[in-house]
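Chemist: Given next are the chains, with one letter for each unit.
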Amino acid sequence: MKSALPRLVIKFLPTLGALALIGAITFFYFRMVAVNSVTVALTFLLAVLVAATRWGLVEALAASVVAVFCLNYFFLPPIRTLTIADPQNWAALLAFVVTAVIASHLSASAKKQAVESARRRREMERLYTLSRNLLLTGQGPLPQQIANEVAQVFELDAVAFLDRASNRIYHAGPRDIPLKDNQLHDAAVQGTVFHDTRANAVIMPISLGGRPIGSLGIQGASISEAAIHSLANLAAITLERARAQGIATRAEAARQSGELKSTLLDALAHEFKTPLTPIKAAVTSMLSDSSTSATHQELLRIVDEEADRLNVMLTDAIQMSRIEAGELQLHRSPHSVNLLVRAQLKRLAEQLEGREVTVEIAEDLPLVNVDQEFMGIVLWQLLNNAVRYTPPRSPLTLRARAEGSSVVVSLTDAGPGILESEQPEIFEKFYRGKRLRDRIPGTGVGLTIAREIVRAHGGRIWVESQPGQGSTFSFAVPRAAPQELPE
Amino acid sequence: MSNARILVVDDEPQIRRVMRTTLVAGGHTVRDVRNGEEALEELREEKFDLVLLDMNMPGIGGLETCRAIRSQSDIPIVILSIRNAEKDKVEALDAGADDYVTKPFSMPELLARIRASLRRATLAGPEATEVLNLGRTTINFAARRVTVDGNEIRLTPKEFDLLHYLANNPNVVLPHARLLQAVWGPDYGDEVEYLRVFINQLRKKIEHDPSNPEYLLTEPWVGYRLRVPKTG
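Top line first, the protein sequences correspond to chains A and B. Using the working numbering, you'd call the opening residue of the first sequence number 1 and step up by one each time. Using the working numbering, you'd call the opening residue of the second sequence number 1001 and step up by one each time.
For reference, chain A alone in the conformation it holds in the complex (with noise of 0.2 Å):
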């Protein structure tokens, strides 16, 4: 019905209305209440406030000057006659006037107020619903949906995004954006807003850290400044949790297959050691019998240490397996060194004979926080390290000492030594020293899951050697807290 008036009516319905309002009140009191000309003025101020509020200035001030000839004519003495003269009507018209201006002053601010509140409110919603939507991204690349995105939530014309990481740009909305791909290049680079009022475009830089990640251009809405740094800031967000994603997917494949792998690796060693239980039974079973002669005595212990060999590989494979794949749990408490090396150079008494091994611990030593198990396996790879490459009957010295919260264990050997160059390769998995891989076979990760053990417990484990001077491995792990000891 409203859009069938004619225009020029609706703008002056407003006014027409106010007017209307001052007419009623002075028809009201002048033919129907009589009233003293106080009263109706206080309900002319009343008529203008309403019109102010309700309408606006330009109302409230046609009902201001309606309302002073209503007065001066038809309530104020003469009555029937204009006599502006009086200084009342001045008065009257004053108060109107400045009520008016006032009124309409504080409506007006605060239905701005109300309408500004309520575009933001209308932003923050479209917001949330982009950041929910982005958080629930499908099929397709992520720039391209977040372009989709923006413009079906903000209902605008045309998104372009630029992905710097693609150096792609995707566009989305019902039309063409109005705007040159360097423009978006520029503005990704640049960092700066830029606003081009005649096309009602923007295009927003999007950066996350510092770092410019790509650039964001919009045409046909009016969005405030900060909604579209939230705009950036969301896409930025968006962008960056996808690449994390995508980089912890990866990871997590990678660390599956490594476990894959690793169990392999330990299911084959353990069922590779079934074999090998039956062939060391019977082969020692065998070597002592005191009846079989010199020459079968000499192969039965062949095949003894073969098999032997083979037990230690398998075992070494076993361990690395286990450190792969993250097995290496630690159940630490306080241990003596001195106990520790008895213990191992026990396990190898056989193949130490011959050699003079001088063992140099105070009994004083502080105690070391150690896991039992894997300590001793770290002294048994040191110790089977210096059987196999040093000569036999050279002597090896085992050492420990304090030193600040650790303490240092090293093995001395006269072997041959190690080249300098090669002395931090040693400790890395299948690196093997040029002068002797042919000459002694071996796995070549006996030093690595030393080194992995060493460095699980917060230590550290190096090598000192010169060419033809021998070797002197050495690590370091905590001391124990100092504690009395009960006697």
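Think of the hints as simulated: they come from the structure by calculation, not from any bench. Be aware that a few hints might be false.
[To be verified] Taking lysine-lysine and the DSSO-like style, the derived pairs with C-alpha atoms no more than 30 Å apart in a straight line are:
id, chain 1, residue 1, chain 2, residue 2
1, B, Lys-1087, A, Lys-346
2, A, Lys-261, A, Lys-429
3, A, Lys-429, A, Lys-346
4, A, Lys-11, A, Lys-111
5, B, Lys-1230, B, Lys-1047
6, B, Lys-1204, A, Lys-429
7, B, Lys-1205, B, Lys-1047
8, B, Lys-1087, B, Lys-1204
9, A, Lys-261, B, Lys-1087
Given the coordinates of chain A, work out where chain B should sit on it, guided by the hints.
Modeler: Below, chain B without anything else, positioned relative to chain A:
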């Protein structure tokens, strides 16, 4: 004891073959079975002096078999296993095994372990107490009987020997190695986890509150001590 009846339990035929051959050559009588179910059946029908039990078998498996045997008998059980992590050992000992040997093993070593498991520690010295009272628990060493509140409870031979050795040295801290050598044999000394498990088993059997022991006391990092109250 060089003439023992030994039950070999292993699913690997070649291991059973080599065990049978060498153990028989060593003067023992051997029966071998393929799994835990057969072992339990065999043990019901015949009397054995020792069980050699594989850990990793199809069916009810070594650990379960060990528990089942232990619930009925105090026969010495030696576990044979490819796994050599400490937690595997502790699990086996917790299940009631007396010893744990890692495969592959040398035969002389296994024979020594078998001898150690069969041997009864000869501990009764001249000053050894015949009967010891620890609160509710009464231990009669001569009769190898233990009663708690008048009810007889069963200790495995190794548990009994351990308790006996501690009782012969009351109120003295006994280092790990000394306890191991006294109860298991001279080849032992580093198997601290054995003691941890066996002391725990003993505590469950004779202590009023096993997690807060009154008599079987741990001396951290050194050993164990049996607290015997002074009697008037």
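Chemist: So which hints don't hold here, by number, going up?
Modeler: 5, 6
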